[in-house]
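K.L.:
These protein sequences, in sequence, are chains A and B. Number 81 in numbering that gives the first Met the number 0 belongs to position 82 of the first sequence; there are no gaps in the numbering. Number 34 in numbering that gives the first Met the number 0 belongs to position 35 of the second sequence; there are no gaps in the numbering.
In case anyone wonders, no lab produced these hints; they're calculated from the structure. Treat each hint with caution, since some may be false.
As the list claims (entries may be wrong) - Pairs of lysine-lysine, DSSO-like flavour, derived with a Cα cap of 27 angstroms:
#1 Lys161/A - Lys66/B
#2 Lys197/A - Lys207/A
#3 Lys213/A - Lys197/A
#4 Lys161/A - Lys207/A
#5 Lys84/B - Lys71/A
#6 Lys66/B - Lys91/B
As the list claims (entries may be wrong) - Simulated DEER-style distance windows between Cβ atoms:
#7 Leu47/A - Val161/B: 25 to 31 angstroms
#8 Ile159/B - Lys161/A: 38 to 44 angstroms
#9 Ala182/B - Asp10/A: 18 to 24 angstroms
#10 Lys66/B - Glu27/A: 33 to 39 angstroms
#11 Glu134/B - Thr57/A: 14 to 20 angstroms
#12 Glu27/A - Ala123/B: 36 to 42 angstroms
#13 Thr151/B - Leu194/A: 50 to 56 angstroms
#14 Phe67/B - Asp215/A: 35 to 41 angstroms
Glycine included, every Cβ here is placed at the ideal spot set by N, Cα and C.
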Amino acid sequence: MSTEPNMTHRDEMETLLPFYLNGTLSGEDLRQVEDWLANDPAAAEALLATESELALVTDVNDAYRPRADAFKRFSESLGNEAAPRVSPVSRLSALFARTFAIPAPLLLAAATAALALMVVSVNNMGIRSSEDIQVAGAGDSAYAPFVLVTFAPTATLADIGKLLEENGAQIAGGPVSGATFKVALSADTAAQYDLLSKQLAASPLVEKLITGKKPDAP
Amino acid sequence: MSSSSDPQSDNDLIKRVASGDRAAVRLLFMRHHARVYRFVVRQTGSETMADDIANEVFLDVWRQAGKFEFRSEVTTWLLGIARFKVLSARRKRKEDELDDLEAERIVDGADTPDVASMKSDKAAALRTCVNGLGEDHRTVIDLAYYHGRTVTEIAEILNIPVATVKTRMFYARSKLGEALKAAGHDRGWP
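If we strip away everything but chain A, and leave its shape as in the complex, we get (with noise of 0.2 angstroms):
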């Protein structure tokens, strides 16, 4: 380590002790404290001292309180925020990864991989309302005009959100009974919908679309 030329031995030992205790120091410079503190005696003031100042500071910040409303007043202005703009790859990506729980470097792959074990089953579907599924923060499209897919076994995530992403549509929740998709699409009437309905089942990424909920508006 090198911080000041001037610095001596113990000066650069006693910068790194209050990453000793903390737990953060690893390597080189781990090895260098640990055995300053096995061979100098005046290493164990110098931790000691350390540990006086680690209570110090802890103690002084713990003192700070934030106000009992806090949470109610960031509910409140989260409240105020329109829903961020989503791509449908990070909103199936989300999706995966909350049903799943697979670790992220496994994530595409087994997203994948769930998609080509969708079964479609009509009777079954009962599209629960109930938090597990829902897509996070699918508030905005809970209640817009869905159809229910079903993706071919050879769509790769990527495709997918693309697809879904040139019809304007997105994941809108499941898996459900056996992973199919409710898919929310951007319709105001029941002409648009049906094209858009239309669109994705064409593509070769579907290979069942189930019509849902058509928009009241003909």
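Following the hints, complete the assembly by docking chain B onto the known chain A.
P.N.:
Chain B only, in chain A's frame:
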């Protein structure tokens, strides 16, 4: 700190926030708000300002979660946003307002009647020494001792080189030692 394999880990919550999950950002708020608030109040000396800025930090998380690249810990990102907002808020203030803020902070660390009456109390005197450090030094001390950050994470949060973090830590501890000595406390206290 929650692990990345935990479905409720900070990283997973950020993914959920990025997909528009308001419940996830509320959970992050409950988890980390107090520490972010303390980080800000220690830099600004103003609890009112800290209140507003900490709130804004989590609204930024709501707006920007999709841009988080998971290269650092979520808590490091939060503190980095907070630091940026503190600096931005200062830039926006007129000079006289900044002077008022500084005055408020200095008064906080001075001998108010309460503090004066507690001078005989060693712990109170020690707290005064910590609060008397300059902001650069106090912030590095807080990030290491209270927030448990690594040297690299502190460099990232403060946007300064790693060597500067170490130098600031060295001088911060030296100044703290001097202040304690001047207050009649040798090292190795309490």
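K.L.:
For every hint, state whether the structure bears it out.
P.N.:
Hint check results:
| no. | hint | verdict |
| --- | --- | --- |
| 1 | Lys161/A - Lys66/B | holds (18 angstroms) |
| 2 | Lys197/A - Lys207/A | holds (11 angstroms) |
| 3 | Lys213/A - Lys197/A | holds (13 angstroms) |
| 4 | Lys161/A - Lys207/A | holds (18 angstroms) |
| 5 | Lys84/B - Lys71/A | holds (22 angstroms) |
| 6 | Lys66/B - Lys91/B | holds (25 angstroms) |
| 7 | Leu47/A - Val161/B: 25 to 31 angstroms | holds (27 angstroms) |
| 8 | Ile159/B - Lys161/A: 38 to 44 angstroms | holds (41 angstroms) |
| 9 | Ala182/B - Asp10/A: 18 to 24 angstroms | holds (22 angstroms) |
| 10 | Lys66/B - Glu27/A: 33 to 39 angstroms | holds (34 angstroms) |
| 11 | Glu134/B - Thr57/A: 14 to 20 angstroms | holds (19 angstroms) |
| 12 | Glu27/A - Ala123/B: 36 to 42 angstroms | holds (40 angstroms) |
| 13 | Thr151/B - Leu194/A: 50 to 56 angstroms | holds (53 angstroms) |
| 14 | Phe67/B - Asp215/A: 35 to 41 angstroms | holds (39 angstroms) |
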